[in-house]
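Trainee: Full structure from sequences and hints, please.
Protein chains in written order, with the numbering used here: chain B, 1 to 80; chain U, 1 to 233.
Honestly, the hints are just simulated from the structure, not real lab data. Just so you know, not all the hints are guaranteed correct.
To be verified - Distance condition first, Cα-Cα at most 20 Å in a straight line; then the derived SDA-like pairs of lysine to any residue:
1. 64/B / 18/U
2. 19/B / 153/U
3. 19/B / 108/U
4. 10/B / 74/U
5. 40/B / 57/U
6. 40/B / 75/B
7. 40/B / 153/U
8. 19/B / 110/U
9. 10/B / 150/U
Spelled out from the first residue to the last, the chains are:
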Amino acid sequence: MKARVTVTLKSGILDPQGKAIEGALKSLGVSGVASVRQGKVFDIEIEGGDRAKAEAALKNAAEKLLANTVIENYRIEVTG
Amino acid sequence: MKSAVIVFPGINRERDMARALKLISGREPAMVWHADRELPAGTDLVVIPGGFSYGDYLRCGAIAARAPIMDAVRAFAAKGGLVLAVCNGFQIACEAGLLPGVLMRNAQLRFICRDVYLRVERSDTAFTRGYNAGQVIRVPVAHGEGNYIADGETIARLEGEGRVLFRYASPDGMIDPNWNHNGAINAIAGILNDHGNVLGMMPHPENHVEAAMGCTDGRGLFAGLSAHFLQAA
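Mentor: This is the structure:
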């Protein structure tokens, strides 16, 4: 089973990298960009076909390692 | 003082730290590998040194914080053992749950490698008894992610309980945004955990301990720790 965990900074946490990317887009003349926040994507293959088990394992992975929940949120998608 | 320096892959300040510990405490520290599960018997002080553990993959300190030896370090700290975590060590200690908060990318987005001035906020701790409260010391920093932040409630607790031990300051001890090199909240450079036995700090006191280094302002931290354990013995 394929899954994706997306980790993003919580709102209110300063993201200097996002700000730098935002500035670069503006200087490239890419119009209409209001703001940029940078995050991370983890594409994960899960053994077996039990969806509930997969979601539990991914939640465990996100809480234990993939995200620092002090500053980051995460989202789990099992894509089948 | 029997100290143990934890060694992770990618750490590069462990020898500087060992040299400073030997020089000032007179005793060679044990070097403890990350895959070990126990600290040497009778360890007084655990040191998590600086560097780039696991190449800073995922987040600075994130992988090292989950290494086998860290369970032993957490158990040691839970029993009141003293832990000194410097630079990448500070990042590891935050990721390991030994200290609150997190070290974000420097506000200027640049790696900073230079001497900074720190104001010592308290002298009544095992870590800072070698200094006077309000004293300004000069020590180097070398980091890209030293911008300390935590939620408002945590910061209020740290400040209210006097757990900020070092702040970035001007040479005359003023707190000024121009001297807060990495943008850390309240110019925080070093904090204690809630029991006062774990210190995390971004600057490197171990790099200013000998005249040949051009400055010996870092000695006070190690001398204070040595005196603490001599007194306890």
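Trainee: It remains to establish, for every hint, whether it holds in the given structure.
Mentor: Each hint tested on the structure:
no.: 1; hint: 64/B / 18/U; in the structure: 31 Å, violated
no.: 2; hint: 19/B / 153/U; in the structure: 26 Å, violated
no.: 3; hint: 19/B / 108/U; in the structure: 11 Å, holds
no.: 4; hint: 10/B / 74/U; in the structure: 27 Å, violated
no.: 5; hint: 40/B / 57/U; in the structure: 12 Å, holds
no.: 6; hint: 40/B / 75/B; in the structure: 11 Å, holds
no.: 7; hint: 40/B / 153/U; in the structure: 27 Å, violated
no.: 8; hint: 19/B / 110/U; in the structure: 14 Å, holds
no.: 9; hint: 10/B / 150/U; in the structure: 12 Å, holds
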